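2 protein chains.
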Amino acid sequence: MTKFQAEIDVMPKKEILDPQGKAVTGSMKNLGLAEIQNVRIGKHITLELEAESAEAAEAKVDQACKNLLANLIMESYTFKIEQVA
Amino acid sequence: MTKFQAEIDVMPKKEILDPQGKAVTGSMKNLGLAEIQNVRIGKHITLELEAESAEAAEAKVDQACKNLLANLIMESYTFKIEQVA
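Chains as they are written, first to last, in full-length UniProt numbering: chain A, 1 to 85; chain B, 1 to 85.
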């Protein structure tokens, strides 16, 4: 078994309003950072797992995203996997 | 002025307990994914900004992270900037 680390990004889908991001975009103005636009806020998740191969690890992480980490109606996810030395 | 896009990760610091991540690690077991360990959950933020140079854009994003996006007592952040074509 090899140890892998996964980095997952879960973001609200483009066509869905992101009220948290909108609020932060507005706050940037008050901070004197009016040139910052279109803030969108999602989740960044790191995790570790053991698997027999990189393919098996990817399948596990994909399953975790689909079943628990992302709400596929409103969110999309991307991830990358790295072998831990 | 050039348009840049920034991708920011804000994560709870290593020495700080992440209760949300702990809860998700526990839930992985119930999903039959017991090999997934050490889940940590932070924020992934994307934003757009205009700046005169990549250095100026980096300075602005750094300022936004320090002043608004990350709580430096409990969180650390990393980001990368890309020029939008």
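Think of the hints as simulated: they come from the structure by calculation, not from any bench.
All values reported here derive from a predicted model rather than from experimental measurement.
A few of these clues could be false.
Said to hold, decoys possible - In the BS3-like style, the derived pairs of lysine-lysine whose C-alpha atoms are separated by at most 27 angstroms in a straight line are:
{"id": "1", "chain 1": "A", "residue 1": "K80", "chain 2": "A", "residue 2": "K43"}
{"id": "2", "chain 1": "A", "residue 1": "K29", "chain 2": "B", "residue 2": "K14"}
{"id": "3", "chain 1": "B", "residue 1": "K43", "chain 2": "A", "residue 2": "K29"}
{"id": "4", "chain 1": "A", "residue 1": "K14", "chain 2": "A", "residue 2": "K29"}
{"id": "5", "chain 1": "B", "residue 1": "K13", "chain 2": "A", "residue 2": "K43"}
{"id": "6", "chain 1": "A", "residue 1": "K3", "chain 2": "A", "residue 2": "K66"}
{"id": "7", "chain 1": "A", "residue 1": "K14", "chain 2": "B", "residue 2": "K29"}
{"id": "8", "chain 1": "B", "residue 1": "K80", "chain 2": "A", "residue 2": "K14"}
{"id": "9", "chain 1": "B", "residue 1": "K14", "chain 2": "B", "residue 2": "K43"}
{"id": "10", "chain 1": "A", "residue 1": "K14", "chain 2": "B", "residue 2": "K14"}
{"id": "11", "chain 1": "B", "residue 1": "K29", "chain 2": "A", "residue 2": "K22"}
{"id": "12", "chain 1": "B", "residue 1": "K22", "chain 2": "A", "residue 2": "K80"}
{"id": "13", "chain 1": "B", "residue 1": "K3", "chain 2": "A", "residue 2": "K3"}
{"id": "14", "chain 1": "A", "residue 1": "K29", "chain 2": "A", "residue 2": "K66"}
{"id": "15", "chain 1": "A", "residue 1": "K43", "chain 2": "B", "residue 2": "K3"}
{"id": "16", "chain 1": "B", "residue 1": "K43", "chain 2": "A", "residue 2": "K22"}
{"id": "17", "chain 1": "A", "residue 1": "K80", "chain 2": "A", "residue 2": "K29"}
{"id": "18", "chain 1": "A", "residue 1": "K29", "chain 2": "B", "residue 2": "K22"}
{"id": "19", "chain 1": "B", "residue 1": "K43", "chain 2": "A", "residue 2": "K13"}
{"id": "20", "chain 1": "B", "residue 1": "K3", "chain 2": "A", "residue 2": "K66"}
Outcome of the hint check:
| no. | hint | in the structure |
| --- | --- | --- |
| 1 | A/K80 with A/K43 | 14 angstroms, holds |
| 2 | A/K29 with B/K14 | 32 angstroms, violated |
| 3 | B/K43 with A/K29 | 21 angstroms, holds |
| 4 | A/K14 with A/K29 | 23 angstroms, holds |
| 5 | B/K13 with A/K43 | 15 angstroms, holds |
| 6 | A/K3 with A/K66 | 21 angstroms, holds |
| 7 | A/K14 with B/K29 | 32 angstroms, violated |
| 8 | B/K80 with A/K14 | 20 angstroms, holds |
| 9 | B/K14 with B/K43 | 15 angstroms, holds |
| 10 | A/K14 with B/K14 | 31 angstroms, violated |
| 11 | B/K29 with A/K22 | 36 angstroms, violated |
| 12 | B/K22 with A/K80 | 21 angstroms, holds |
| 13 | B/K3 with A/K3 | 39 angstroms, violated |
| 14 | A/K29 with A/K66 | 36 angstroms, violated |
| 15 | A/K43 with B/K3 | 24 angstroms, holds |
| 16 | B/K43 with A/K22 | 15 angstroms, holds |
| 17 | A/K80 with A/K29 | 34 angstroms, violated |
| 18 | A/K29 with B/K22 | 36 angstroms, violated |
| 19 | B/K43 with A/K13 | 15 angstroms, holds |
| 20 | B/K3 with A/K66 | 34 angstroms, violated |
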